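> Turn these sequences into a full structure, and let the hints guide you.
Chains as they are written, first to last, in this note's numbering: chain A, 8 to 327; chain B, 438 to 552; chain C, 8 to 552; chain D, 4 to 273.
Rather than coming from a laboratory, the hints here were simulated on the basis of the structure. Please read these numbers as outputs of a predicted model, since none were measured by experiment. All residues carry an ideal CB built from backbone N, CA and C; glycine is no exception.
Here are a few chain D residues that face chain C, going by a calculated C-beta distance under 10 Å:
#1 A136
#2 Y137
#3 R138
#4 G139
#5 D140
#6 M141
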Amino acid sequence: MGGKVTCTLGEVKQRADFIVYWGGNPAECHPRHFTKYTIMQKSRFLPRGRKDRTMVLVDIRETKSAKAADTFLQVKPGKDFELITILRAMIKDQRVTDAQIEDTGMTREVLDKLVDQMKNCKFGCMFFGMGLSMTRGKHMNSAALLTLAAELNAFTKFVAMPMRGHGNVTGADVIMRWQTGYPFGITFNRGYPRYNPGEFSTVDVLVRGDCDAAFIIGADPGATMPQPAIDHLKRIPTICLDPHITHTSKLARVHITTAPQGIAAPGTAYRMDELPLPLKPALKSPYPTDEEVVRRINEELQKKPFWMPEGAPLTMTAHG
Amino acid sequence: MTLQVVNNATCTFCGCVCDDIQLHHDEVRIHEARKACVLGTAWFLNHTAEKKYPVALVDGKEATLDEAIEAAAHHLHEADMPLVYGMSNTTCEAQKECAALADQLGGLLDSHTSL
Amino acid sequence: MIRITGGKVYDPANGIDGEVKDICIDDNGRIVESIDGGRTIDATGMIVFPGGVDVHTHVAGGAINFARAMTPEDHRRTQAFIRTKTRRSGLGGMAPTTFATGYLYAGMGFTTVNEAAVPVLSARHTHEELADIPIVDKASLTLMANNEIMLDQMQAGEYERAKNVVAWYIWAAKSYGVKAVNPGGVAAWKWGEDAKQLTSPIEGYSNLTPGKIVTQLAQICDDLKLPHPMHLHCNNLGAPGNVSTTIDTLKHLEGHRAHIAHSQYHAYGGDDWDSICSQTGQLAEYFNTHPHITTDAGAVLFGDTVTITADGPWQHLLYKLTGRKWGNLDVENETGCGIVPYTYRPSNLVNAVQWASGLELLLLIKNPWQVFLSTDHPNGGCFWRYPEIIKLLMCADFRKECLEQLPDKIKGKILLPEIDREYTLYEIATSMSAGPAKALGLTKKGSLGVGCDADVVIYEEDPTDIARTFAHPRYVLKAGEVVIEEGDIREAPDGQEFLVKPHMAADTDEFMQPRFEDCYTMQFENYPVELERIERKDLQELPAE
Amino acid sequence: MSTVFRLKEQPNVPLEAEVLCPDTIADLSNAEIRQLTVFHGKRQVPLEDFFDVEGDGSVDMELHGDLKKVRWVARAMTKGSVTVHGDIGMHLGAYMKNGRIDVHGDASDWIGAEMKNGLIHVHGNAGGQVGAAYRGDMQGMKNGTIIIDGSAGLEVGMRMRRGTIILGGPARDFCGLEMKGGTIVLREGAEIRTGAWMRRGTIISLKPLQMMPTFADSNEFNPTFLNVYAKHLQQYNIDLPFAADAGSYQRFAGDLSVPGKGEILVWNPA
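Structure (structure tokens):
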């Protein structure tokens, strides 16, 4: 069974002589990734910067990021999982036929070279984007790449990292882990955290109509989710906090305008490599911060009767 | 008019969370975000300290913050299975309050990650 | 105000060994000579200890949080703390959530913990987690021995500079002291190598050896007047025959204070996994003749756990040995950490040697002020299993029973069967409270003397099961507040954090900035943890030399 | 006499009702059963708020109604039978140890997840993760039999260790994902990535499959064990072709990426 082998971006900056971007378009979606963290940086170990590094881009179409790559590999749409699995087999010298390789849009020559680069670099790093993690196969595609990276450690130093978008989504992940043990997809309906993606993840919950009120903050599902999910948000009391009036605000029973984080609200945000950074707001907002509003809702709820029956046990063996 | 400067400000638009941005502002609007990329620049310049929207809306009508907080607490308290969702574009401090909210409510807690 | 009356008091810091006496607590949460009025707790027939102090544990920060994400299957089967109107919910298990960590520690009478491995880059994160661990007081140690800016200064022979760098990092991280892990080895691991010999130069450096790092860093900790000496995780953890590395390391420390972390993992003889054996006799003898050095056991308990250390090479080895999950996280310029779930089995010869070695060290090191209770949580076992270790230390007969589960071929590989020593309550109180508090330099902890923090545990002795006694205290008081009563958590107040501000040369910022910008990816100005982020703190400013 | 449960009130949000299990109700009176606690979302309510209960407790249970939102029925059951007339929600028979469950309707996700033994027969369709492992666990179902007459969703038999899953209809992606043993029979084939990352175990498909690239195509054959296995399956009214004159099986070995020693047998009619 695999695992997750990763590092902070500073390690990539200092050491990574071989970098793969898979299913992402950093040139347009994370514009400073190349210059600040990866291929363009010089370091004591890679004094010539770009010249000392090799970059491979894997994607289903040639994006602007391809210009920055030494090699662009165009994988057939929906074949990422197959291609990564082929690579896992090839690094172990298992036989895969040419026809099977070509079915992913690659050739043996190309993959032989890639495997050779992966095994013989000094420090390899794979970044994967939503082109990988949000297409058919979803979390299994990410798991495949993480496993490949872990397995490459039999030959050299190799790590992998998701290219998180969406602002501070990493912070949510990190905080939920320390407070609940789980990164997302959690229920507290038994009085303690339980986890089951697919059961407690929001799209599934909304599409099945499994919740009867929604509190939405720092997201606009009214614009991004499938229609049945949006329909359910319209049916139930939805509460929305956002600096703007969003699609979700328009379908919500309650909208509260809040100060935008990092611009007018202070605090902390986590970078994609799970490093926390302080925010330095330049402006003073006429609106309260998210933190303040949610705290006040919490305080308001404290005044109401608690939902758990009296005399319920204080500890028990978890059940899932 | 001379603009005020904030050094080493942090941009939360994408997961890079660059913390070397220099913001030039007049307290209402950010006029320049040096070192920021195109996405970051748009992010900083598109938010202002102007009061463009009502403080709160309850059932489509303008409401005070107190009224909105009371209404929010009421709906959440009544629900048998409330959901707390999102938390991408917000601070860790607010995220902690959200986790506390779901814990206190006995509800669901989920972020963008599950998409 | 509270008066605890009628209990047998074990307070090694004040030489009190089972004397029946009253303990008085004032409204400031301090122990005082006497009080007028207030609540009386009748502890007649019970025993009274100072609150436990964990000198070495991993309960907060990037690594344990990584472990939490890797073990959802464990969270599903563990003890759940149910939400109450005022108290947050939590999950126990191998890598407990922050809230549960506080409940579990307090629930067995521990009131102070030392988070022993904080990379500076995740210091901000670690403090946020520590703030979410209720009830107990906390200290944290900054990982230093593989910091490249410091290593460069040592390599250049710039001792003063190296010292300022260390001071700068301690203050930037808002920590309490220095943890050295596998000196030179983690830096090498980032290239997939390891540093196993104390006298050969480490990968990437011309003349800097692990031995030199150890000596200089110990000197730096002394010169900075840190209340806790260098906290050292020796090279070559877990490897057969590593006792020679450990003894060699200790020799490099002559003339310095030091605390050796989880020495069980560093006390093996043999040449490979088949011939591995305990060499705790040698190591204990060293401690017995060098009273200025302390250690914690890093004892192993059979069962499931998750191993998590900044020792990447060892983790990769474990992953290869077990074929289970593996997480690894390298932090720029500082350290790395690896995470592998693991099950210690009595039938496994290596595990059996580890289990015996931890207990042997606790029993063979004669002075309980020198060797402390720990499992290197979660590496050797979860901290909430400490009462099982106490039972093993106090009952030679119980040890004998446990020895029978071990494989036959263990004969001749361990010393435990020949050891009859049984800890007294006084010695237990020393090893789990007074001793670690003293080693940490926490003068108000581990003592029931007047002026100390009123962290007090009252146990009801269960002569049939000592582990039960220590797992279920009747009362636990934290800073004078009753937090556990009759087995229930009554209050979950916030604890405080211990910080030090070491003295450093005035130009250290200017010195650091260009070097910092060379290897880090965040802004120099954004890097230090702001003091005001730590809400409840006990800050100690250290004098210059 | 079976104990009969009729859903009288449609739950608004999921109803977690692991008390609906022979082990829990067998020795209880009708009145006691009515008072058992179920979780309607976060609300702890007596069972009778949602169900009419007929008869005293027994090891045989009948459930009637649209139970799509009712979860965890027959969790860890060790004996008796549960018969569902209607659709049933998630986690039916999860951790089940013995006994028999019949669903005359559709079932949802995670049925028979991590089950140890027993039989589950769904006469309609099932959701995903049939007989699978929950997140983080190393092993899915450890033994027992799951028969789905209709189709099933994603990750059927994920990490299963032993036992049998038989699907009358097609499976979706990742059928037999990381399988460690046991057998999956696919009468109508599957979508993609069947047997991905499998270590051991057997997947038999009566329809052509789109194979993962990391399976090696070996010989065509009619292994003798299939003869025995086909007879074994006849007790569930499943006909597995094996006669040489009717066709043969093409054998694929993999998943090479692990590298694993699983096999996928695809029926090739003559």
